[in-house]
Amino acid sequence: MRTVRLATVAAVTAAALTAVTACTAKSDAKGGEAITVIAADSTCETSTKSVPAGQVTLKIENKGSKATEVEIVFPDDRIVSEKENIGPGTKYTLTAEVKAGEYEIACRPGMKGHGVRQKLTVTGGGKTAERDPKLDKAVAEYRAYAQEQADETLPRVETFAKAIKDGDLAGAKKAYALSRLGWERTEPVAESFGDIDPKVDVRADGLEQGQKWTGWHRLEKALWADKKIGATEKKLADQLVTDLKDWQKRVGTADITPTSMANGAKELLDEVATGKVTGEEERYSHTDLVDFKGNVEGAQKAYDLLKPVVQKNDPELAKELDQQFTALNKLLDTYRSGKTSYDFVSYDKVGKEDRKELSDAVNALAEPLSKLAAAVVK
Amino acid sequence: MTETTEPDETGPEGSSPAPSRRALIGWGGAGLALGAAVAGGAVAVVRPHEAAASADASTGGEVAFHGAHQAGIATAVQDRLHFAAFDVKTTDRAAFIRMLKDWTEAARRMTAGRTVGEGAFGLAEAPPDDTGEALGLKPSRLTLTIGFGPSFFEKFGLADKRPAALVDLPHFPGDNLDKSRTGGDLCVQACADDPQVAVHAIRNLARIGFGKVAVRWSQLGFGKTSSTTPDAQTPRNLFGFKDGTSNIAGTETDRLKKFVWVGEGDGPDWMSGGSYLVARRIRMNIETWDRTSLQEQEDVFGRDKGEGAAVGKAKEHDKPFLKAMKPTAHVRLAHPDANGGITILRRGYSFTDGTDGLGRLDAGLFFLAYQRDPRQGFIPLQRKLAASDALNEYIQHVGSAVFAVPPGVRDKNDWWGRTLLTEEA
Chain A
1 MRTVRLATVA AVTAAALTAV TACTAKSDAK GGEAITVIAA DSTCETSTKS
51 VPAGQVTLKI ENKGSKATEV EIVFPDDRIV SEKENIGPGT KYTLTAEVKA
101 GEYEIACRPG MKGHGVRQKL TVTGGGKTAE RDPKLDKAVA EYRAYAQEQA
151 DETLPRVETF AKAIKDGDLA GAKKAYALSR LGWERTEPVA ESFGDIDPKV
201 DVRADGLEQG QKWTGWHRLE KALWADKKIG ATEKKLADQL VTDLKDWQKR
251 VGTADITPTS MANGAKELLD EVATGKVTGE EERYSHTDLV DFKGNVEGAQ
301 KAYDLLKPVV QKNDPELAKE LDQQFTALNK LLDTYRSGKT SYDFVSYDKV
351 GKEDRKELSD AVNALAEPLS KLAAAVVK
Chain B
1 MTETTEPDET GPEGSSPAPS RRALIGWGGA GLALGAAVAG GAVAVVRPHE
51 AAASADASTG GEVAFHGAHQ AGIATAVQDR LHFAAFDVKT TDRAAFIRML
101 KDWTEAARRM TAGRTVGEGA FGLAEAPPDD TGEALGLKPS RLTLTIGFGP
151 SFFEKFGLAD KRPAALVDLP HFPGDNLDKS RTGGDLCVQA CADDPQVAVH
201 AIRNLARIGF GKVAVRWSQL GFGKTSSTTP DAQTPRNLFG FKDGTSNIAG
251 TETDRLKKFV WVGEGDGPDW MSGGSYLVAR RIRMNIETWD RTSLQEQEDV
301 FGRDKGEGAA VGKAKEHDKP FLKAMKPTAH VRLAHPDANG GITILRRGYS
351 FTDGTDGLGR LDAGLFFLAY QRDPRQGFIP LQRKLAASDA LNEYIQHVGS
401 AVFAVPPGVR DKNDWWGRTL LTEEA
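Respectively, the protein sequence lines represent chains A and B.
Per full-length UniProt numbering: the first sequence = residues 1 to 378.
Per full-length UniProt numbering: the second sequence = residues 1 to 425.
Please keep in mind that the hints were generated in silico from the structure rather than gathered at the bench.
One or more of the hints may lead you astray.
[To be verified] Below are the DSS-like pairs computed for lysine-lysine, each with C-alpha atoms no more than 30 Å apart in a straight line: (1) A:LYS137 x A:LYS319; (2) A:LYS199 x A:LYS165; (3) A:LYS330 x B:LYS315; (4) B:LYS212 x A:LYS352; (5) A:LYS319 x B:LYS89; (6) A:LYS339 x B:LYS212; (7) A:LYS162 x A:LYS83; (8) A:LYS83 x A:LYS49; (9) B:LYS257 x A:LYS319; (10) A:LYS221 x A:LYS199; (11) A:LYS319 x B:LYS212; (12) B:LYS101 x A:LYS319; (13) A:LYS349 x A:LYS339; (14) A:LYS356 x B:LYS89; (15) A:LYS378 x B:LYS212; (16) A:LYS234 x A:LYS162; (17) B:LYS212 x A:LYS356; (18) A:LYS249 x A:LYS112; (19) A:LYS356 x A:LYS378; (20) A:LYS312 x B:LYS89; (21) A:LYS307 x B:LYS212; (22) A:LYS307 x A:LYS339; (23) B:LYS412 x A:LYS319; (24) B:LYS179 x A:LYS352; (25) B:LYS326 x A:LYS339; (26) A:LYS349 x B:LYS212; (27) A:LYS356 x B:LYS412; (28) A:LYS137 x A:LYS245; (29) A:LYS307 x A:LYS134; (30) B:LYS179 x B:LYS257; (31) A:LYS137 x A:LYS66; (32) A:LYS212 x A:LYS173; (33) B:LYS89 x A:LYS352; (34) A:LYS307 x B:LYS101; (35) A:LYS199 x A:LYS235; (36) A:LYS173 x A:LYS378; (37) A:LYS134 x A:LYS199.
[As the list claims (entries may be wrong)] Partial selection, computed: residues in chain B whose CB lies under 8 Å from chain A: (38) ALA126; (39) PRO128; (40) GLY132.
No residue lacks a Cβ here, since even glycine has one placed at the ideal position from N, Cα and C.
Okay, chain A solo, but in the shape it has when bound (with noise of 0.2 Å):
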């Protein structure tokens, strides 16, 4: 089920990259007919459900009382091109290179609202604007890898809220850690879902006033620090599973690019640089070096599947990254049981010149990460 899900995905995210430079210009249209669109009030009349992929050209006339908005969506709306401001009684033509896949046409009169819809099916291949196929493959399979850590989280956050639902105090504290695991490790691509990173993985510092505190933290606090379990962290628990389940749903939509997994690699970097290493993010559970473990792994998984195309373009920057990924895996190694174990050292035992050491590793790797977004679309 999944993989199937994932193939329209990831072909429907490539279109959405070219659609970004290509939309919004008056153009020949030599793709196929133009789509008449008649936005109006309360109807929005499209003159065709289907057009074969590559440009496709809306020419929209306005004949409601507002001004009005057209927007080819994708199916979580997200928007391919938009028109905004189409004065009443006015026309506008609007192109934009679009792949196969399920779409609709949003009319939105007075700008704003869900507006009135149309399907669109965009069929077959079509023309798209080239992109190095080895790119194409790297976001595929950083897509794919986003969706397993997703799907390989469920059950363990359902076995955290398990215990905490069971009144099971040590057992959650034993599940928590690798609860967390999957996201650390694709967070950039969490957060991207603007909605969810606040419900489930907020600090206390982190609220925004009269916002309620949910998530891991909370309950991380709850067991750590105020050591019991209550009816409130029960609901908690549950909330969290409901919250990450929506993540689950939605992570295969993300807008991913190349560019993005670079920076995103960097980001991780960041989280580690900011978070981590100063044992802000786990102060109560001192888990720190768990999510430290996953950021790296998720950095090094985004720049593993860029690296075909980083070998070509800076092979001077491969060397320097394997070499430093290294250098970090191996230092983080002390710090754990076992070679695959996510059993690590309790970040409030790791003293202030250890710490120094993890953060010039960190310096060491998040410098030279930094240049992999530019030798990526060199």
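For this one, chain A is given, so just place chain B on it according to the hints.
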């Protein structure tokens, strides 16, 4: 002993496409004339239109990077300091040498008021080469001075190159050294009249160094406590006293040669024209000092607070009569006349790192002293001071380091540490 300055306005490595700080502001070269004159101490070649310029630091000029000696030692002391000690993190000698060459190039550019690498702009997907906070600022007499600590010689098979004079400093009575503010394989002293220029320099060198070196500790200094320009007013330390009245001036070629520069034949050869740097973070008990009577303060130093004159004298520069002072007075103990002529070139800065959590100023003197041989310089002096100085009641040495400072970078093909790290040297 030939001092050269950069040949023309395009700088040592020719014109550059990168936006340069210098290009943005035009010439402010007065500092150059001064820097060249004092750094070399011998033949100073300066541009004719600058020769007449005064030594006024406010012009924000440029100090020559190339020379027989590194700039930043005999150079007229700038107002601000950022000093950083680094540890070597790589075992790859070639990679380390590459970094030293990159550092040298960056230092050459920054001291000339230019940006690092391609500047603060460039590819949208990559972070820019230069961090950008010094854009539009003058060179501000920035000097960058490198040194190698004793622990450096345990790396890269360099043990037999360690100078005999580069001894580990002994433990002095009263020392309370914080390990995280002590030692270091390498150091870079950045001095400038604009603090942002000094901080920019260390920040960018640290960035270039990631993976090869890591900052072990660093110290900001906000006010010079010594002067190497005798005509200028002697600066005061945070105790409110003038100190270092008889410090070596940048123009005193003979005293520099005798007490500061490592001479030919001193050994090892790679250090000829270099010097040794002792750095000490000296915390001052500011609050207790401020509650001390004027009489005691003056007795402790051996001079009066207002004028800075030695006990029984009228003017600061009147020759002191040491025996008129209390036996434990700072000046009496530290003066060359009481130490068989021992003289060091002091270049320290006052520091304040905010408060210490107990409501007390975390402040003091970041002591920097250059000398030809620490065994005949700082070590015997400090032994004596640590044993008897009345000041000890108000100070504590909390950080310490010693470095071998190699000779100057000669020209645009030369690099920091070449005499140490290439076999032919």
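(message) So, against the hints stated earlier in the document, which numbers end up violated here?
(response) Checked against the structure, the hints that fail are numbers 3, 7, 9, 19, 25, 27, 30, 31, 36, 37, 39, 40, while the rest are satisfied.
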